[in-house]
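**Student:** Sequence:
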Amino acid sequence: MSDISIPGVSSRFNTESMVKELVEAESTRLDRMESELQTYQTEKKVWQEVNLGLNNLRESARSLFSFENPFNERNAVSSNESVLTAQATREAVEGTTDVKVIQVARSDRFISDDLSRELEVDQGIYNFTVGDDSVRLRFRGGSLREFSDALNRRDPELLRSSVVNNRPGSQVILIEALKEGSENPLGFEDDARELALELGWVERARDTSASIDMSETRVEQWTKDLDNLPLSRNGEVLQIGPGADLSLPFPEAVNVKSGMILQYEVKLATNESYRQSEPTAPSGPGSPETGSVSLRDASLPDLPSSIDLPEPPDPKPQEIVEDNQLIFARNRNQTIPLPEVRESAEFITVEVPLSDYTSRLDALNISNPNTLKDLSIRNIQVIDPSARGDLRPKNSVANARDAILEVDGITIERQSNTIDDVIPGVTMELRRDSPEEVELRVEPDRELVKEGLIEWVASYNQIIRDVNILTRNTPEIIDEIEYFTEEEREKYTERLGMFQGDSTLNTLKSRLQSITMSSYDTRAGRDLALLAQMGISTNASRGGGGGVNASRLRGYLEINEDVLDQALASHFQAAKELFGRDSDGDLLTDQGVAYEMDTLVRPFVEIGGIIANRTSRYDTLISSTNDEIRDYEEYLEDYEAEMRRQFGTMESAINSLESQRQGLENLNNRSE
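This note's numbering puts the sequence shown at residues 1 to 672.
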């Protein structure tokens, strides 16, 4: 049986293979166009990455001289951060301030009595107040822990509570106001009042206040008879002159409890009327005149006496006594000195924590041994700041109070431990009380400047690295870069020498290096005119060996931190001017390393700039090449179809001729 061949489907002549070979031969041009397209796309991507790197370089350079440059930032440094921390804005003025934290502000914190773990809180409406704010909790009843959780959810920015199992079988609940200051005491109303008494947060208070009414109180003798002492009373003001002392009894003895304060207003002022005039020396004894004697024609003249007389003694000047220990607390027969009184022409308010001095107060004893000063006192009272009307804390952990501090000797009181209105541009955070002064220093934020310089150097080195790789066909350039990952090393190896001979990139590198090596005018003159004087340079020579490190000749910048720190410490403003300076007083920067670099890079990265035009040309090439590829792919499809048609026709003709030949052979065989 003869073979069956269907043209276009099966072929005895291997038509499929021949068509494929012809199409592959014709596709050579397509491969070339696709290779060109890949090259265009790769080069466009590289230029886009160069553009990104230049943008980063420009931004890091601009950040060194623009309005928000780090040279204008300030840093607040505390000599004791356990007492005081601070933050400074760029509006802060450089300088040093002495701060003494007399007391930090606190909020009310009360703890309960020991309570049974089975305790249930009744259903009710519980109203709590913190200063002028209030928290209203409608509770359906439940355990103490459930009540605490409900209270915490009600207003977590105003109140906080927690339940602690303090002993086997017992628990306590702590409640805390979250607003500091004496104007924000924790209060209890409605059902909360009864609950606070039941839990032991508070207790009913007796009247513990006491005062001395100057207009009615009887002045008592202390060490001197009151008669003829320089004392005067004017309404509520008692004035004690030099040399006087006295005792001011309270109506009843005060039993001092923790937190009680003795408060009074006092003035210690110099009175020059007490100063005596300078005494003159007495004339002392003298010898009488002897007189003259005459006898006949002879006379003896008056001669001075030869008696030696003693010199009169020098008069004693007025003895000036100065003493600021003037006020004392009397506990029965014991006298306890209270804080010294500082001199002031106006009344100042003094608050004394009584429990630090005595457990009982019967009277105030006052003495004025000063020679030239009057002491005046008024508004003497004992107060319990922890009292809440007719309630007082029973188990107080802390009581609401204001922060008190001295800033350069000036007493400041604030409701909060965060204080931002005393030193312009500085926010202080008080941490704890301290008798020692804290030195608060506002200075330039040199660390932030260093970070900005490091970022700028990194951006600069990235551009130099990319230009070196793209314009040089030298594998050592990549080998010298130790921080590359294997993927990065492979990526940049493919780009090695991609733009070799490109004048744009070579010119860019040359001008960048020129900027970093040029000198600039600063207020420090020759002491700081070059980047190298700040420790920023190529540093090509190896120290000590005299050799040359080839990698350092490629233009990368390095930072010597010791030199940089020294430059920022000694020539900070000059360092700022080295990167950006207004040379003509028009308030616009027009000189400096960073300014020149921004000016150089701007035409490369701006819209319609050098790199934008490059990538635009690549877009055109990519688009036209895509069109050519698409057209040629259509041509190849038509070409392949035509080849298949022609080979099919050829096979059909051959098969027809073969069939005719076979027919003739069969006819000849029959005729025989």
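Keep in mind that the hints were calculated from the coordinates and are not lab data.
Do not take every clue at face value.
Claimed, not checked - Here are the simulated DSBU-like pairs of lysine-lysine, each with C-alpha atoms no more than 30 Å apart in a straight line:
1. K257 / K45
2. K100 / K316
3. K45 / K316
4. K257 / K267
5. K100 / K224
6. K491 / K224
7. K45 / K509
8. K44 / K509
9. K44 / K491
10. K316 / K257
11. K394 / K450
12. K509 / K491
**Student:** Hint by hint, note whether the structure agrees.
**Tutor:** Status of the hints after comparison with the structure:
Restraint check for K257 and K45: not satisfied, since their Cα atoms lie roughly 80 Å apart, outside the 30 Å limit. Proposed proximity of K100 and K316 is contradicted: the alpha carbons are some 43 Å apart, above 30 Å. A threshold of 30 Å between alpha carbons decides the hint, and for K45 with K316 the separation of about 99 Å lies outside it, so the pair is violated. With a C-alpha separation of about 28 Å, the suggested pair K257 and K267 falls inside the 30 Å cut-off, and the hint holds.
As the CA atoms of K100 and K224 are separated by approximately 39 Å, the hinted pair breaks the 30 Å bound. Of the pairs offered as hints, the one joining K491 and K224 is violated, with about 100 Å between alpha carbons and a cut-off of 30 Å exceeded. Annotation: proposed proximity of K45 to K509 holds, straight-line Cα distance about 20 Å (limit 30 Å). Distance check on the hinted pair: K44 and K509 sit about 20 Å apart at the alpha-carbon level, within 30 Å; holds.
With a C-alpha separation of about 15 Å, the suggested pair K44 and K491 falls inside the 30 Å cut-off, and the hint holds. In summary, the hint linking K316 to K257 is not supported, as the alpha carbons are separated by about 51 Å, beyond the 30 Å threshold. Proposed proximity of K394 and K450 is contradicted: the alpha carbons are some 55 Å apart, above 30 Å. For the suggested pair K509 and K491, the alpha carbons sit about 22 Å apart, so the restraint of at most 30 Å is met.
Comparing the model with each numbered hint stated earlier shows that hints 1, 2, 3, 5, 6, 10 and 11 do not hold.
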